[in-house]
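Undergrad: Protein chains in written order, with the working numbering: chain A, 1 to 378; chain B, 1001 to 1262.
Keep in mind that a hint or two might mislead.
Not everything, but these chain A residues come out facing chain B in the computed CB check (under 8 Å) [stated by the list, open to error]:
#	residue
1	ALA48
2	ARG49
3	LEU230
Source of the hints: derived by calculation from the structure; they are not laboratory data.
All C-beta atoms in this analysis are idealised placements derived from N, C-alpha and C, irrespective of residue type, glycine included.
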Amino acid sequence: MDFTLSGESKMMVKAARDLAKQEIEQIEAKIEEEDAIPDDIWQKFAKARMLGMMIPKEYGGIGSSALNVILILEELAKTGSAVAFLMALNNSVVETIYHWGSEDLRKRFIPPLCDGSLWPAMAFTEPGTGSDPTAITTSAKPDGDHYVLNGTKRFISYGHKKGYGVFYAKDETEKVTAFVVDKSSEGYTWSKPWSLMGLAGQGLVDIFLKDVKVPKENILGEKGKGFHILLRWIAGERVQQMAFMVGMGQECLNESLRFAKERIVRGRPMTDMQGFQWMLAEMHASIEASRWWTYRVASKQDEGDDIAVDSAALKLFVVPTIQEVARKALQIHGSYGYCKDYKIEKLYRTIASPGVTAGSTEIQKTLVGSALARSKEI
Amino acid sequence: MNIVVCIKQVPETSDIGWDPKTGTLIREGVGGILNPNDKNALEAALQLREQHGGLITALSMGPPQAEDALREALSMGVDKAILLNDRIFAGSDTLSTSYALSLAITKIPSFDLILCGKESWDAMTAQVGPQLSELLNLPQLTYATVITVNRNSVKIKQKLEDGFRILEASFPALITVEKEINQPRIPPMDSIMEAYRDKEVQVWTAEDLVKDKKHFGLKGSPTQSRKVYSKKVQKGKVTILEGEPDEVAGRLIQTLKQKGLL
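Next up, chain B with everything else stripped away, as it sits in the complex:
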């Protein structure tokens, strides 16, 4: 079973700035980490490979430093790593990102499954997985908490707001995973050394994907941020309610109702 896992490097902290002109995140000077949800996707792929064999390719689009996320994927145990890196990709929205990823996936010789994290923790749109499946014309199985592979099909337990449902699709298919699906493995130290010393991260540019580049990057993105601003936080006064527990609880509820919080 051959699997492609799409991963993203995201800023390490939530304390990041925005470019007021483009409405995109300012990533310079901010440390990057492998998106936590994508780690679940990698772990799911590694477990499937342990059960069914095959090869895992980790695929990412991003600036040169996104190579670190791919090295982490290699240290967890994936077989191949590809980075889509080109200045023209800068400012991509989810559709433009999905487009570039879909073109790259068509160049990967054969695959049975594409796994993605449900969402990235910086943008939290949960759009790339579903868009990718549409562009590649694949069945999409989203929000998976369990994946079961049968001979000719794959089944997932999908998490919904008020319950679960079981979905099944033929191969190839795309699955997005929830964080509950597994506990990602910690890469062993020797595997980290191999990932940095012995393994390769292939870098593909826009030229490697397609000649017509109009759908890439900021210009190829239909989503434009008109305005980005930080939420103003107003600090209130601390009020300490004193008295018997029942009485204090009653006053607390009353106060919260008055403020429209209950």
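Same shape as in the complex, but just chain A:
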């Protein structure tokens, strides 16, 4: 078992760090203020070849690994910015189209999502359902060469930006089918973005589909098997979310160390005090455990394993663990940590997100528990 990262992976992390410093940290205050990510960040990601990273070169990707995507994401996450999520969403959506798509779909939709000209989206959630696939109401009715989609999708990141998205709807057999939808289609409209607790600029909108015509050849994978596509995507998404958590957790520790080393209490730095040392030690151990498990699940993904249960178990461990790291970071900062002038304030808000998005922490317990109950190994 080799726990060392390759020179290539370490260099990618370093490049991601430089990109975060040069391109994200500089604009983060503006993103927070305007609650919008500037469109040109997309071209910057494309230039850095960080879009569609797991896709072979002939489709516009670079043929890298899930682990490398995770490492880069962890580094970008230290900014606490939604920009990191943007990169994650692109990589997971593009990989989904590549994995399930026909050669025609791959060639039509993947290159513009890799060269920074178009934005991706993934649309399952609806006003009446989050985790229950049987409750979705968006319909897809066949009409000649097309399907006609009607319904509302909720909380769709960058659903309002020009590009392609994977949309789930019930077809005429009442089964869930996945479609690649052009977001410029007639009848495709959106709400104003939801105002979020954190992740400024995430661009979470509701999508209204009114008689949106989608060519039949845009069906992703097999007709009626859309839920399999969703489950596989969401498993990868969970690992990416956890990389995001690890990066932010590490930044919580870094910020706490900087603060505690400089803060003098009764003539001594806070770091001299055993109480704070213990908090820092617990934070460090929590982050390391979360980090290496995240890497392990990403490696399993690279090996082609089904990571549905692993990623759910990972999430139910990492989310509360890193949320506790953030809580300790806030306590170490005292009142300063509650001020927007300190990065901890933003990290604390952002770290709350993965516990309630892409499947809550609680539902992961159901997933893992039922898988254990079904297991025939014992």
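Since chain A is already given, all that's left is putting chain B on it; use the hints.
TA: Just chain B, lined up with the frame of chain A:
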């Protein structure tokens, strides 16, 4: 236009130890990075190649792990990478380093320019570039903030303490660059993969350079550190001055003058 860029791997942090016997840095266990000023030299070379074509060779001398600095140069876009690596090079001062680099450069088929960073951030001598130009008998254009290549000559804007001056030289020439000259590019992820998977770092030993090895390494270095010690930092007491701003400012100036700091 063919360019050789001399680069160095330096310790990642300033928190490093010294070998009390040799007076040299203890590099074991300390992460290495590409010297920031050398990144500016690489970027300058890449921009010149974009304008005028040609090949770029990155050259470094160091322990085996210095290969990472060369891989970074390859990922930024240089064409070839050469590492001078031999136990005999250990403990080299700037002159001995320049000597080894100069011998290597004479074995590179043809070049029009040699680019170096102004200085390394661990030693900060700014000597290797100028020494290299003397050993190779080349015109030296130091502290460049702008490089302009004409048909038969190269011009730089040189940064001085109290101003700038324009220098011009014929080819081949050696240029050292300031950090203000450019913003080094971030290597794209695909280029990093190619640098590690598809490209080669050639390793040359002392034997590949010259038979007589007496000028290499610690023995070939005229500079010997007699003593190395860390500066003692004395911690003082924190005094908080309170009162009206004008009055406090006056007292602060007075206090600083008393301590000989103003």
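Undergrad: Each hint should be assessed against the structure and marked as holding or not.
TA: Hints and how they fare:
Taking 8 Å as the C-beta cut-off, the interface hint given for A/ALA48 holds, the closest approach to chain B being about 5 Å. Hint status for A/ARG49: holds, given a least beta-carbon distance of 4 Å to chain B, under 8 Å. The interface hint given for A/LEU230 is violated, since its Cβ lies 28 Å from the closest Cβ of chain B, which is over the 8 Å cut-off.
Checked against the numbered hints given earlier, the structure breaks only hint 3 and satisfies all the rest.
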